[in-house]
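Visitor: Read off the chains here:
There are 2 protein chains.
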Amino acid sequence: MPLVQTRRLTRQISIGNVKIGSKAPISVQSMTNTKTQDVDGTVCQILALEKAGCEIIRVAVPDIQAAQAIEKIKPQIKIPIIADIHFDYRLALASAKAGADALRINPGNIGDPEKIKAVVDCAKDHKIPIRIGVNAGSLEKQIEQRLGTTAEGMVESALRNIRILEDLNFQDIKVSLKASDVSRTVKAYRLLSSKTNVPFHVGVTEAGGLFAGITKSAIGIGMLLAEGLGDTIRVSLTRDPVEEIRTGFEILRALGIRSRGPELISCPTCGRCNIDLFKIAGQVEKALLERSSKIKVAIMGCVVNGPGEAKEADIGIAGGDGKGILFKKGKVIRKIDQDQLVDQLLSEIDNMTKKSEELNGQKE
Amino acid sequence: MPLVQTRRLTRQISIGNVKIGSKAPISVQSMTNTKTQDVDGTVCQILALEKAGCEIIRVAVPDIQAAQAIEKIKPQIKIPIIADIHFDYRLALASAKAGADALRINPGNIGDPEKIKAVVDCAKDHKIPIRIGVNAGSLEKQIEQRLGTTAEGMVESALRNIRILEDLNFQDIKVSLKASDVSRTVKAYRLLSSKTNVPFHVGVTEAGGLFAGITKSAIGIGMLLAEGLGDTIRVSLTRDPVEEIRTGFEILRALGIRSRGPELISCPTCGRCNIDLFKIAGQVEKALLERSSKIKVAIMGCVVNGPGEAKEADIGIAGGDGKGILFKKGKVIRKIDQDQLVDQLLSEIDNMTKKSEELNGQKE
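Read top to bottom, the protein sequences are chains A and B.
Quick note: the first sequence uses numbering that gives the first Met the number 0, first residue 0, plus one each step.
Quick note: the second sequence uses numbering that gives the first Met the number 0, first residue 0, plus one each step.
Do not rely on the hints blindly, as some may be mistaken.
Copies of the same chain look alike in the list, so a pair counts if it works inside one copy or between any two.
SDA-like cross-link-like pairs, simulated, lysine to any residue; straight-line CA separation at most 20 Å [what the hints assert, rightly or not]:
| # | residue 1 | residue 2 |
| --- | --- | --- |
| 1 | 278 | 239 |
| 2 | 285 | 239 |
| 3 | 123 | 13 |
| 4 | 140 | 310 |
| 5 | 116 | 40 |
| 6 | 96 | 64 |
| 7 | 310 | 5 |
| 8 | 77 | 291 |
| 9 | 50 | 259 |
| 10 | 295 | 257 |
| 11 | 334 | 43 |
| 12 | 22 | 257 |
| 13 | 354 | 158 |
| 14 | 322 | 24 |
| 15 | 114 | 336 |
| 16 | 293 | 359 |
| 17 | 278 | 324 |
| 18 | 126 | 307 |
| 19 | 140 | 352 |
| 20 | 310 | 151 |
| 21 | 328 | 144 |
| 22 | 353 | 332 |
Treat the hints as calculated values from the structure; they're not laboratory data.
Isolated chain A, as found in the complex (with noise of 0.2 Å):
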């Protein structure tokens, strides 16, 4: 059985210029965590996780102004952006009038039909799509009476959404089905995976902190990856969203999906260390950061085990008494002084991505 099992074949929409479906690359994204009336302070925090490899953003649309901010953050960004609506369709008609190249709002709940109508309609002018967000914590009192914040009860939910919206011959849509919890969250999504061919954003919600957040996240969408579900996927952490976007991109690298930037494997260290391998992993992986070279680097506690242990890695460094080692696939290439280690391998990493920049003739 292999790691990750064939996708799932959906239909493929667009958001702005990134495709989610199909075949076409699990897209990360996030959402901004700012006022989005404050222009400047999103825009700025839109460029941060562009740079983390951001690939679509949310944003929070309470109000008109946040609406109309959009008209104005989109020409200083790179990404697609998605209004996030809740209930009130004139935000929805405003986002779409601001730019916005998706809109997160359920049909169900936006009331009277006519009121869907304007939205759906206001969607097919503009050529935008609408993700369909189900959350077990928000259901359609009607559907949780009768089901409960069950996976069931999601499913359901995003049944009815998505039969409104197709009703109305809009095809467009991606879907979400995100609870607090795995097993629901898992549940859900490969429940509702056999009923429709819409494509999954996929996520776990108010996932919590660090351990917990990227814990929960890493379990639930690394399960439904493994089985081909999922086409674009958000972390949600309680914490700088730049984060989410690392953690989207470790998940992918896990199972082998998609790798972005080095990849850093560094051992626990043990009593055989005698070298402060935390610091070091520390500052080395902090600097990997910003390199987009696809190397794998490692860093170890020891010059006995470590070169041997590590030797799939494309380059290492091993620490030992005063002087450290630098090993290129298991071979030991020279002794450095441990103070210069870090400053070594980085050179180190840099010539060689030079070189093979230089031999594929191209520029990453």
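The hints should help you fit chain B onto chain A, whose structure is shown.
Guide: Coordinates of chain B only, in the frame set by chain A:
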């Protein structure tokens, strides 16, 4: 399909008073990164790990001083201790004599059959198990030449080492199959699972720093546990080992296998949030680490969506403008000044815990 499959049937072993395999709870372990002969430093780290929930500790034994230190460490700690040995059978004998509750040594690396027999006889005399720790980076040369550093090579090495012990009529074994990537790790455990009933120590080795390390461990260990594979787990991070324990328990919790202490859910915040939620969530997360009741706590950014979306939480707070609210099971209890939110939440949690303990007539 349930989130977690029926657990693989294994034999059961005991490391000190901790049972591993069969129906025993999946235990969470770590490894010290102190010099083992630094008895005070090592004990100090183990006590911090015990407080975090660590159930088994492993220490590096690179020399005779480290082996002898076990005798001084053991009376000062509560959890069983495993001596981690490479190659040198004398260190295994000395560790057992010093009171180690288990040995990690690969018999195939000891060399001379007489030396292997000496280690096995010693383990029998002391009634302590042996962990075979296969690492993709340090396979036997002849296996690596034939099969490469593949999952198949790892399984071949494990079976060879198991055979050596079982031929000496020694059954008291657990085995690990670690690679630095999820793909080989998962594949190796899957392959071996049908070939032996030896319990599995599961982990991804050299997983790396915070984001890559937690992500790779959560996906790798998580996928295996979900398939019913794994009897004890070790998360490997280039970080304080206390964080390995936290991550280990988060993995078990995310899968609904075991829980430890309160569960915190918190929203990622968005443009609707009028409060410094990151700071509050961080404060609450830290305070909850020291509490053992299994309460579900929510920290939500906005009064409008927060209480509803987090209605499954036993208790929670949501931020507003200047004032926040305290809610229980989705129902608003009272308004609170923002600077009092954390204190009042924690004091409510402690009251609820006290009441539930009185109801149950027991303290946790």
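Visitor: Now tell me if each hint is right for this structure.
Guide: Here's how the hints hold up against the structure:
With identical chains, the CA atoms of residue 278 and residue 239 are at most 20 Å apart between copies only, with a shortest distance of 11 Å across copies and 22 Å within one. Taking the shortest Cα distances, residue 285 and residue 239 sit within 20 Å of each other both inside one copy (16 Å) and across copies (18 Å). With identical chains, the CA atoms of residue 123 and residue 13 are at most 20 Å apart within one copy only, with a shortest distance of 13 Å there and 65 Å across copies. Taking the closest pair of Cα atoms, residue 140 and residue 310 come within 20 Å of each other only across two copies (13 Å); inside a single copy the shortest separation is 57 Å, beyond that limit.
For the identical chains of this complex, residue 116 and residue 40 are neighbours neither inside a copy (34 Å) nor across copies (69 Å), given an alpha-carbon limit of 20 Å. Taking CA atoms no more than 20 Å apart as the test, residue 96 paired with residue 64 passes inside one copy only; the shortest distance there is 13 Å, against 74 Å between copies. Neither within a single protomer nor between protomers do residue 310 and residue 5 lie at most 20 Å apart by alpha-carbon distance, with minima of 31 Å and 36 Å respectively. With identical chains, the CA atoms of residue 77 and residue 291 are at most 20 Å apart within one copy only, with a shortest distance of 18 Å there and 47 Å across copies.
For the homomeric pair residue 50 and residue 259, the shortest alpha-carbon distance inside one copy (12 Å) is at most 20 Å, but the shortest distance between copies (37 Å) is not. For a Cα distance limit of 20 Å, the shortest separation of residue 295 from residue 257 inside one copy, 14 Å, qualifies, whereas the shortest one across copies, 35 Å, does not. In this assembly of identical chains, the alpha carbons of residue 334 and residue 43 never lie at most 20 Å apart, being 43 Å within a copy and 34 Å across copies at closest. For the homomeric pair residue 22 and residue 257, the shortest alpha-carbon distance inside one copy (13 Å) is at most 20 Å, but the shortest distance between copies (37 Å) is not.
Taking CA atoms no more than 20 Å apart as the test, residue 354 paired with residue 158 passes in neither setting, with 53 Å inside one copy and 42 Å between copies. In this assembly of identical chains, the alpha carbons of residue 322 and residue 24 never lie at most 20 Å apart, being 44 Å within a copy and 44 Å across copies at closest. For the homomeric pair residue 114 and residue 336, neither the shortest alpha-carbon distance inside one copy (70 Å) nor that between copies (38 Å) is at most 20 Å. Taking the closest pair of Cα atoms, residue 293 and residue 359 come within 20 Å of each other only inside a single copy of the chain (13 Å); across copies the shortest separation is 56 Å, beyond that limit.
For the identical chains of this complex, residue 278 and residue 324 are intra-copy neighbours only, at 17 Å inside a copy versus 41 Å across copies, given an alpha-carbon limit of 20 Å. Taking the shortest alpha-carbon separations for residue 126 and residue 307, neither the intra-copy value of 55 Å nor the inter-copy value of 33 Å comes in at or below 20 Å. In this homomeric assembly, residue 140 and residue 352 never come within 20 Å of each other (Cα to Cα): the closest approach is 56 Å inside a single copy and 31 Å across copies. When the C-alpha separation of residue 310 and residue 151 is checked against a cutoff of 20 Å, the pair qualifies only between copies, where the shortest distance is 18 Å, while the shortest distance within a copy is 48 Å.
When the C-alpha separation of residue 328 and residue 144 is checked against a cutoff of 20 Å, the pair qualifies only between copies, where the shortest distance is 16 Å, while the shortest distance within a copy is 60 Å. Taking the closest pair of Cα atoms, residue 353 and residue 332 come within 20 Å of each other only inside a single copy of the chain (19 Å); across copies the shortest separation is 62 Å, beyond that limit.
This entry does not satisfy hints 5, 7, 11, 13, 14, 15, 18, 19, going by the numbered hints stated previously.
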